[in-house]
Structure formats: C-alpha cells, structure tokens
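There are 4 protein chains.
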Amino acid sequence: MTTPDYRAILDTIAAEVAPLLPEGRVADYIPSLAAVPKHKFGMAVHTLDGRRYAVGDAAERFSIQSISKLFALTLAFRQQGDALWRRVGREPSGSPFNSLVQLEHEHGKPRNPFINAGALVVTDVLCRHFVQADVALLQFVRRLSGIADLNFDHEVAASEAATGHRNAAMAHFMKSFGNLEAPVDEVLSSYFHQCAIAMSCEELARAMLFLANHGVNPHDGQRLLTVSEAKRINAVLLTCGTYDAAGDYAYRVGLPAKSGVGGGIVAVVPGELAVCVWSPGLDANGNSLAGGYALERFTTLTGRSVF
Amino acid sequence: MTTPDYRAILDTIAAEVAPLLPEGRVADYIPSLAAVPKHKFGMAVHTLDGRRYAVGDAAERFSIQSISKLFALTLAFRQQGDALWRRVGREPSGSPFNSLVQLEHEHGKPRNPFINAGALVVTDVLCRHFVQADVALLQFVRRLSGIADLNFDHEVAASEAATGHRNAAMAHFMKSFGNLEAPVDEVLSSYFHQCAIAMSCEELARAMLFLANHGVNPHDGQRLLTVSEAKRINAVLLTCGTYDAAGDYAYRVGLPAKSGVGGGIVAVVPGELAVCVWSPGLDANGNSLAGGYALERFTTLTGRSVF
Amino acid sequence: MTTPDYRAILDTIAAEVAPLLPEGRVADYIPSLAAVPKHKFGMAVHTLDGRRYAVGDAAERFSIQSISKLFALTLAFRQQGDALWRRVGREPSGSPFNSLVQLEHEHGKPRNPFINAGALVVTDVLCRHFVQADVALLQFVRRLSGIADLNFDHEVAASEAATGHRNAAMAHFMKSFGNLEAPVDEVLSSYFHQCAIAMSCEELARAMLFLANHGVNPHDGQRLLTVSEAKRINAVLLTCGTYDAAGDYAYRVGLPAKSGVGGGIVAVVPGELAVCVWSPGLDANGNSLAGGYALERFTTLTGRSVF
Amino acid sequence: MTTPDYRAILDTIAAEVAPLLPEGRVADYIPSLAAVPKHKFGMAVHTLDGRRYAVGDAAERFSIQSISKLFALTLAFRQQGDALWRRVGREPSGSPFNSLVQLEHEHGKPRNPFINAGALVVTDVLCRHFVQADVALLQFVRRLSGIADLNFDHEVAASEAATGHRNAAMAHFMKSFGNLEAPVDEVLSSYFHQCAIAMSCEELARAMLFLANHGVNPHDGQRLLTVSEAKRINAVLLTCGTYDAAGDYAYRVGLPAKSGVGGGIVAVVPGELAVCVWSPGLDANGNSLAGGYALERFTTLTGRSVF
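Protein chains in written order, with UniProt numbering: chain A, 1 to 307; chain B, 1 to 307; chain C, 1 to 307; chain D, 1 to 307.
By construction, these hints were calculated from the structure, which means they are not laboratory data.
Quick reminder that beta carbons are idealized off the backbone N, C-alpha and C, glycines included.
Don't take every hint at face value.
[Stated by the list, open to error] Per the computed footprint, the stretches of chain A lying under chain B, defined by three or more beta-carbons under 8 Å from a beta-carbon of chain B, are:
no.	region
1	79 to 93
2	154 to 160
3	241 to 250
4	299 to 307
Turn these sequences into a full structure, and let the hints steer you where they fit.
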C-alpha cells in the first residue's frame with residue numbers, strides 16, 4: 001500500500017468541512033463548553049514512524065470529556081485484566097449514552113465502558129487501586145502522551161459536578177445493585193475530573209499512538225498492554241466508542257474511535273498511525289458533526305480502514 | 001507477516017474444541033434442526049491465493065439459517081445502494097435478535113439487516129426487485145460460491161413457516177408502520193426459504209471469498225461490490241453479525257462474521273481469506289458455542305484480526 | 001341521596017359540551033370511521049327503576065369498537081370464571097392500548113382484557129367455546145340489550161381486517177408464546193367483527209344495565225353473573241377500561257367505564273343506572289374528548305361516583 | 001344494607017389468615033424491618049358512627065412506610081390542588097414501584113404519587129411549603145389521628161438513608177429533568193423520615209376516617225378536603241395505591257387502599273368506615289400477603305365494596 005500524502009489530505013479535509021462547521025450544536029449543559037466557538041476545527045495525524053501532520057486549530061486545547069473513558073479503561077484493564085468484564089459488559093448499548101433503562105434491565109451492569117454508567121464502574125475500579133484515582137489517571141495520560149503539563153480544567157470539573165444529576169442517578173442506581181464499591185461522591189468527583197482534562201488534537205494523537213503500536217508506548221518504549229490486549233481495546237472502541245452511532249462509524253469510517261462531547265474524536269489505524277480531530281459542533285448522537293465527516297474523508301482519501 | 005500453517009492450526013483447533021461439543025444446545029424449535037447430532041464439527045479455510053483447508057465435517061451440508069441474511073443484504077445493497085438504509089438501520093441492536101420492543105420504539109425501522117426484522121425488510125426489497133425473491137437469492141449464492149447444485153431444504157422451510165409466528169408478528173408490525181411493501185405472506189415465504197438453504201463449511205467459505213476479495217468474485221472475476229461497499233458490508237458484519245454478542249465477537253475474534261442458528265459461522269480476513277466453522281450446539285446468544293471458540297483460537301493462532 | 005333531575009342535567013351537559021365538539025380528532029384509520037361528522041353528540045341514561053333519558057344524537061348508531069371488549073369479557077368470564085386470568089391479567093397497562101412491548105416483557109400474557117392483545121385472548125376463548133364466536137357475541141349483546149336487530153357493520157369489519165396489521169402482529173406474537181389456541185386468522189376475523197357491531201347510546205345504555213343491576217339482566221330477569229362477579233367486572237372496568245387514562249377517569253369521573261375509538265363511552269353507577277355518551281372526536285388517549293367531559297360533569301352534577 | 005357484625009367478622013378473618021402468616025416474606029433491606037416477627041397480625045375497623053373493632057396485634061406500632069405517601073399526598077394536595085398534577089401523574093404505573101424506566105420514558109414525571117418517584121416529588125412540594133417538611137407531615141398525621149404522641153422511628157429513618165441508593169438515584173434523575181426543586185439531600189431526608197413514622201392498626205384506622213368521611217376530620221370536625229377532593233384521593237388510591245397490584249386489589253377487595261412494605265394496609269369504605277390490617281410477610285408485589293387476603297375476606301363478609 002502506498003503512503004498517502006497526509007499533508008495534502010489534511011488540507012483537503014479542512015477545506016471540505018468548512019461549510020459544515022455552522023451546522024452542529026455545541027454542548028451547552030455547562031457554561032465552559034457552551035462558550036467554545038463553533039467554527040473551531042483542528043486535525044492531527046501522528047504516524048508510528050514519527051511523522052506528524054496538523055491542520056487548523058490542532059494545537060488548541062479543549063475538554064477531552066468522554067475520550068478520557070478510553071484512558072481510564074486502559075488503566076483499569078491493566079489492573080484487572082479480563083476480571084474487569086465481570087462488572088461491565090463490552091456490547092454496544094443500542095441506546096443513548098446516559099440511559100438508565102438498560103441498567104435496570106441488566107441489574108446494574110453497564111453494557112460497556114464507554115457509556116457513562118460503564119465509565120463510572122471503571123472509575124470505581126481506579127478508586128480502589130489508587131488513593132487519588134483522578135490524579136493517577138492524569139499521570140497516566142501524561143505518560144501516554146509524553147507531555148508533562150497536562151491538567152484538569154477545574155472550572156469544567158466543578159460545572160460538571162454541579163449539573164451532574166443524571167450521572168449521580170446512575171452511580172446511586174449501580175450502588176443499589178452492589179456494582180459500585182467506593183462512596184458515590186468519590187467516584188463522581190473522580191469521574192468529573194477525568195472528563196475535564198484539557199488536551200489538543202496534537203496531544204491526543206500522541207497519546208493514542210500506543211494503541212496503533214500494539215500496546216507499546218512509542219515515547220518510552222515500554223509495553224503497556226500485550227498485543228492481544230491492545231487489539232481488544234481497539235475492538236471495544238470500534239463497537240462501542242461512538243455512543244449509539246458505533247455501527248454508523250464502523251460503516252463510514254471503519255476505524256476504532258472514541259468521541260467526546262467537547263467535540264474531539266480520536267482514532268487509530270492499527271500498525272500505522274493515530275489521528276485526532278476536533279470541532280465543537282455535535283450531531284444528534286453527540287459526536288462531532290464535522291469531525292465525523294473529516295474521519296470519513298480521511299479513510300476514503302487514505303484508503304485506510306480495518307476492513 | 002508470515003503465512004500461518006493453516007493445516008496444523010485447523011487440526012489443533014479441532015482437537016481443542018472436542019470437549020466443548022457436548023455443551024451447547026442444539027436449536028430445537030423445528031424438528032429438522034433438532035435432529036442434527038451435537039458432536040458435529042467442521043471448519044474450512046479458503047485463501048484468496050487459492051489454497052483450501054478443511055477439517056472434520058467440513059463437507060457436510062447444514063441449514064445456513066441467518067447466514068443467508070448476509071447474502072440477502074449483499075444482493076439488496078447491489079440493487080439499492082445507500083438508499084437501503086432509509087428502511088433499515090446499521091446499528092447494533094443491544095437486544096435479542098427477534099425483539100419487537102426496539103421495533104416499537106423506533107417506529108418499525110429495524111436496527112440492522114441481521115436481526116430478523118431487518119432481514120424481513122431486506123427480503124421485502126428483494127421481493128420488489130425479483131419475481132421470485134427466494135429463487136433469485138439462491139441463484140446469487142450459487143454464483144458467489146460457483147456451486148450449481150445448492151438448494152433449499154424444503155422440509156426446513158415448511159417447518160419454519162409452520163412455527164414462525166414471531167417472524168409473522170414482526171412482519172405485520174412493520175407493515176403497520178408502512179415499512180413493508182410486498183404482501184406479508186410473500187415476504188415470509190421468501191424469508192423462510194432463504195434461511196433453509198443447505199450448504200457445507202467448504203461451500204460457505206467459497207461463497208464468502210468475494211468479501212475478503214474487496215468485492216470481486218474470485219470464481220468468475222466479476223466485481224459484485226465496489227471496494228468501499230465491500231468494506232462497508234464487513235463493517236456491518238463486525239458490529240451486527242453475531243446477534244447481541246457482536247461486541248464479544250469483536251473482542252474475542254476480531255473479524256467480520258455472521259452466524260446462524262444452524263450452528264454455522266462465516267468470517268473473513270479482508271485481503272486474505274474466508275473461513276467457515278460449523279457445530280450445531282449453541283450458546284446463550286444463539287451462536288455456535290464451539291464455533292465461536294474455534295474462531296477465537298483461529299485468530300489467536302494465525303495472528304489475524306482486523307485490529 | 002336525592003334523585004337528580006336527569007332530564008335537566010343531560011340538557012345542561014349537551015349545552016356545555018357543544019364548544020368542545022370541534023376539538024377532538026375523529027379516528028381516521030378506516031374510511032367508515034373517518035366519515036362520521038365531528039359535531040355528533042348523544043347521551044342516554046337508563047335507570048334500574050325503568051326511567052330513560054336521552055339527549056342529542058342518542059338514537060343514532062355508531063361503531064361500538066372497543067366497547068365490545070366488555071361484552072366479550074363478560075361472555076368469556078361466564079364460560080371460564082377465574083380460570084380466564086391465567087391467560088390474561090387484570091392490571092392497568094401503563095402504556096398505549098396496542099403496545100407490543102409489554103407483551104414481550106410479560107411473555108405473551110396481556111395485562112388486561114381491554115387492551116387489544118387481551119381482547120384477542122378473550123376472543124380466542126370464545127372461539128374455543130362457540131362455533132362462530134362473533135355470532136355468539138352478537139347474540140349475547142342482543143340478549144343484554146333486549147334488542148333483536150343489532151348487527152355487524154360488515155364494511156367496518158372488512159376495513160379493520162384490511163388495515164389490522166398491528167392486531168395481526170399481536171395475535172401472531174401471542175401465538176408464538178403459546179397463548180392463542182385457535183388459528184390466528186379465525187381469532188382476528190372474529191375480533192374485527194365484534195368491534196364492528198353498530199349500536200346507539202340508548203341501546204348501549206340498555207345493554208349495560210345488567211352491570212348496574214349486580215349481574216341480573218333486567219330485560220328478562222335472568223342472572224348472568226353473580227353479585228361478586230358483576231362487582232369484579234366493574235373493578236376491571238374502573239382500573240383498565242379507558243386505555244392509559246384509567247387513573248384520570250377514576251379521578252375525574254369515578255365510575256366503571258369502557259370507551260371505544262368510535263367515540264362511545266359506557267359507564268355504570270352500581271345499583272342505580274347505566275349511561276352512554278357518544279361523540280366521535282377523540283383525545284390523545286383515544287377516548288371521546290367531549291364524552292369524557294360529559295361524564296365528568298354527569299358525576300359532578302348528580303353527585304354519583306363510586307367514591 | 002344491614003350492618004355487619006364486625007366483631008365476629010374480624011375474629012373469623014383472624015382465624016382464617018393464621019395459616020398464611022408463615023408464607024409471606026418480611027422486608028429485609030434494613031435490619032429494623034427484618035427483625036419484625038412474621039406471625040404478627042392485627043386488624044382494626046373504625047366506623048364513622050364511632051364504633052371501633054380490633055383483633056390480634058392491632059395496638060402494636062409498626063413502620064407505616066409507604067402508607068405515609070397517602071398522608072403526604074393529602075397535605076401537598078391541600079397546598080397545591082390540581083396544580084400538583086403538573087409534576088406527577090395519576091395513572092397506574094404498570095411496573096414495579098421503584099422503576100426508573102418509566103421515569104426515563106416520561107422525562108422525569110412520575111406516573112403517580114404512590115410510586116417512590118412520585119412520593120419524592122410530593123415531598124419536594126412539602127419541602128417548598130414547610131421549613132421542615134417531615135415535621136409538618138408528622139404533625140398533620142397527629143391531627144388526622146387525633147393522637148399526639150406519634151413519632152418517627154429514627155433508627156428506621158437512618159437505615160433507610162444508609163441503604164436508599166435507589167431512591168437517591170430517582171431523586172437525582174428527576175432533578176436532572178428539572179422536576180425537583182429542593183436539594184436532593186433535603187428531599188431524601190424528609191422522605192425517609194416520613195416513611196419511618198410508627199403507628200398501630202388502630203391509630204391508622206383513626207387517621208384514615210377523614211377519607212371515609214368525605215374530607216371532614218371526625219376528630220375535630222374540620223374540613224380538610226372538599227367532598228370532591230376526598231373522592232379524588234380515593235380514586236387515586238384505588239387505581240394506584242397497591243403498587244403493580246392495583247387491578248388485582250380492585251378486583252379482589254374493591255376498596256381504595258394503600259399498602260406499605262412494613263406490612264400495613266389501610267382502606268376506606270366511603271361514607272362508612274376505615275380499616276387497617278397489618279402482617280409483615282409480603283407477597284411478590286410488596287403488599288402484605290395475609291393483609292391482602294384479610295381485606296378480600298372483609299369485603300366479601302361485609303358485602304362492602306365500591307362496586
């Protein structure tokens with residue numbers, strides 16, 4: 001397979017998505033997210049052989065939100081391995097990311113680690129293994145990215161906590177089923193902080209390379225996951241990483257990917273590269289509207305996809 | 001990547017699955033399926049460069065059941081392209097393959113073409129394009145496999161019709177939402193015949209090669225789907241092909257796959273090969289119990305997976 | 001308690017509801033129902049001591065639709081007694097009258113005999129006891145009312161059958177759970193005919209007197225139900241008789257009542273009288289809009305209610 | 001109607017229910033409830049003309065639990081009248097008393113004031129009108145019963161709070177929909193205290209007389225509700241007062257009634273009397289098993305029922 005001209009491709013995509021930027025709907029449930037201008041667009045590609053490409057606002061930090069669920073899953077998976085799946089499933093949910101219906105039907109076991117309920121269980125696992133789970137996660141993301149100055153946006157975390165009644169409902173609900181060990185308040189606080197890490201497209205692309213690299217962190221050469229484990233995380237990403245649009249993403253994009261309501265989406269081409277796109281306007285499923293189109297074009301123009 | 005020793009790998013797998021054969025539960029809702037002995041196991045691998053491997057009962061025909069949904073989808077997709085998705089979704093269902101709940105919540109539009117309701121819509125599309133939809137599908141499968149003497153098992157089709165009240169319920173239900181054009185009886189009859197095609201592992205592996213081959217039928221060199229379309233069918237297989245265990249299959253097996261209650265499972269390694277495994281004992285999700293384990297071992301031993 | 005001046009009360013109500021008549025929405029899923037003028041309004045009161053009052057279009061026949069479910073239940077209950085409740089519940093449904101969701105969650109046992117699924121089970125019971133269940137029911141309603149020339153509106157019955165895919169879906173669905181004995185087509189045909197009986201307010205009030213009279217048919221003096229059985233039918237009417245508005249009817253009207261999409265509503269004051277109101281415009285729950293208001297005023301002005 | 005011999009009837013019932021006492025299952029989610037001996041049974045009848053009858057453990061106090069929901073509803077209804085129904089429905093739920101599914105489907109508006117979610121909304125209303133809602137309710141129940149020394153069982157309230165994660169989940173969930181005004185912790189604390197009021201059968205029968213008496217408190221002659229309002233509360237009791245068994249209670253018992261997991265059930269015969277029965281063993285719906293049978297026998301032996 002020939003190497004694509006990533007520079008030209010990113011430029012093409014940036015031009016193509018421009019008309020889409022006004023169409024999405026910026027998340028507005030907390031002021032810090034609502035204040036992000038809709039016209040922002042950035043995209044970064046980092047390859048395993050060390051090349052880096054970026055376009056637009058790829059250096060600007062935004063709230064990674066649910067993309068943190070992927071880092072939290074990786075950290076918890078390293079602690080517990082397949083035992084983790086006794087407490088959280090790995091099936092697509094077939095319903096919105098914050099539904100309590102499924103949780104009631106399945107007795108407090110969330111369908112997968114990328115819906116909110118599942119991420120709360122993963123956070124609970126981290127609370128058990130680390131004195132300060134949110135700090136441990138932040139340090140893990142610093143390690144994955146090789147970037148020391150990553151931090152929480154404390155204003156975002158505080159806003160999430162103040163409005164997070166649905167997440168509190170889910171946490172208490174799972175607690176009532178016995179599927180939460182730490183105190184509800186501790187889990188929620190840690191969860192809200194994780195979601196409030198601020199990163200740029202370039203930083204996220206760097207932090208995702210270990211998944212493209214079959215589990216080895218390219219920044220320090222250390223193995224974080226076995227080859228098999230890395231593949232499995234990719235599998236969960238592909239089937240569950242984009243809320244109730246996972247089938248649509250597999251169909252249109254064809255890469256393991258994780259999105260967040262901050263407008264970021266990360267994806268990997270196994271064995272080759274990591275890519276991150278950011279645009280704050282969301283579609284009806286809560287995924288970045290322009291970001292999804294950008295990734296679709298990226299796999300079409302590069303001929304890359306897992307299928 | 002080195003070429004695996006498929007012969008040795010199939011022998012290893014056949015030995016490993018032997019203890020599992022008694023554990024599954026053979027489908028018993030119709031006599032013809034219930035009569036199949038539980039100890040049957042066959043597996044076949046056909047590569048794009050023409051090598052063929054088989055083990056066990058790989059030459060014995062069985063009822064392909066829901067594997068036919070993949071062939072029907074391919075045929076309907078060739079007729080309608082992306083317009084097809086206006087009538088059937090491509091998201092994992094998050095519920096059993098024959099649930100009416102989702103259908104009610106989503107106003108008669110099935111979640112994907114591989115749950116029964118979705119396959120009925122696909123069949124309805126075929127009923128519109130062909131005078132005899134079931135015969136058209138049979139001829140298409142003959143063409144895909146290059147095997148002329150494939151046929152319906154009419155006894156199975158008759159039994160399905162006699163006991164198919166849940167499928168009839170779904171068809172009438174979708175008709176009430178306006179999402180079925182042909183008469184209910186015609187759609188059901190065609191659907192029951194499609195499911196009743198009898199094929200062996202070797203024949204199914206042959207018939208699946210076009211998907212591994214990016215849309216070109218290797219038996220006659222004709223393009224059936226564009227490269228992009230073939231990838232997209234693979235994507236739908238990966239996210240929706242194994243009922244409510246698609247996430248589990250992606251995690252454990254990592255290949256686009258389609259299963260049937262007859263105990264068969266087909267899968268492809270894009271660009272490389274097609275594989276079919278058969279063992280009639282099913283797990284709780286309705287997938288072949290030994291078959292699922294065999295595919296998991298296959299991807300582990302060969303190092304093949306899309307991730 | 002003083003005897004109300006029913007004549008004056010009916011006149012008052014007829015004047016009060018006039019402005020409401022244009023507001024409802026006439027059922028339009030079949031032409032015969034859609035053709036009924038919206039301004040129709042009739043009301044009839046028949047007391048156990050033989051007085052009869054009527055206002056407006058009380059002598060005009062309309063399609064009784066789901067009111068027939070009450071007569072069918074009474075007839076089936078006479079055949080089977082409490083054994084009937086093994087196949088159909090007697091709890092309010094908490095959902096629309098034609099939902100399949102509940103049926104799936106509760107394995108094919110309908111919540112009560114007044115949602116469509118429950119009425120199909122009741123009809124199945126009649127199909128088992130009578131050679132022609134619909135004719136048997138018609139004769140029973142003739143007997144209840146003492147009116148010999150009641151008949152099916154065959155045009156309505158045919159239209160119902162042609163558009164009745166949701167009812168067919170429910171029948172097949174229950175058949176798949178083993179909760180339907182007769183052939184689906186026979187049950188459906190009988191059901192559609194029952195719904196298509198045509199009666200006037202005066203005729204329905206006459207036909208309901210046996211329930212006000214603790215089970216004795218006042219027209220021939222024969223006991224149809226024991227005192228206890230009559231009370232129990234009234235209880236099921238109060239809790240389940242008006243679709244998902246039973247709580248609202250108990251609150252506003254406070255009488256056992258049964259409605260139909262033809263715009264009729266029947267109710268009884270136990271020990272005293274039967275009342276029927278008709279107006280074809282329906283509210284969001286499928287009950288006659290003006291009819292519901294008329295009954296609410298009736299219990300307020302007469303001081304009658306079971307509470 | 002002749003006056004029944006209530007003394008003899010209560011003795012008969014006490015003898016009849018004895019064999020049932022071991023069958024129920026005592027609520028065990030908190031130690032104070034689990035410790036109540038299963039063989040307890042008491043029943044009290046208070047008539048509007050001043051007669052009082054009791055049998056068994058009718059003088060022993062128990063935790064009234066959800067019976068408090070009736071008193072809270074009455075108090076909130078006095079404050080808000082029909083405006084209350086904008087925030088809570090009055091339809092039977094068709095599902096367990098503590099389900100979150102309905103709440104999600106209906107956007108945070110509980111189906112009725114007698115499921116837990118609805119009672120939390122009612123409590124929220126009280127929190128808005130009173131500085132200390134739980135104390136206000138306690139004083140209201142003292143007034144209804146004319147008994148000054150009624151109190152909370154603080155141990156029960158503390159246990160409820162410690163294990164009340166499902167109620168916390170519901171409160172946060174409704175808060176997320178904007179249907180809770182007071183802080184979640186305040187509403188929960190007040191709710192848990194209300195449920196923890198301890199009363200005997202005799203005291204509860206006394207406290208219910210105002211509903212039999214069309215809204216006038218017989219202990220002080222003051223009108224608490226209009227005649228119409230009292231009827232309406234009775235209507236909500238009949239259709240929603242016994243969890244997902246309201247249809248069954250209407251059918252078997254035929255009286256407005258409210259039950260609690262402490263094993264108590266209160267009921268009224270409008271215009272005549274109030275009755276309370278207590279036995280801690282519960283049936284599958286969470287209603288007192290022996291208590292339900294006792295009420296069924298009571299209406300059969302007395303010939304009283306609203307139908």
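- Among all the numbered hints in the text so far, which are the ones the structure does not match? 2
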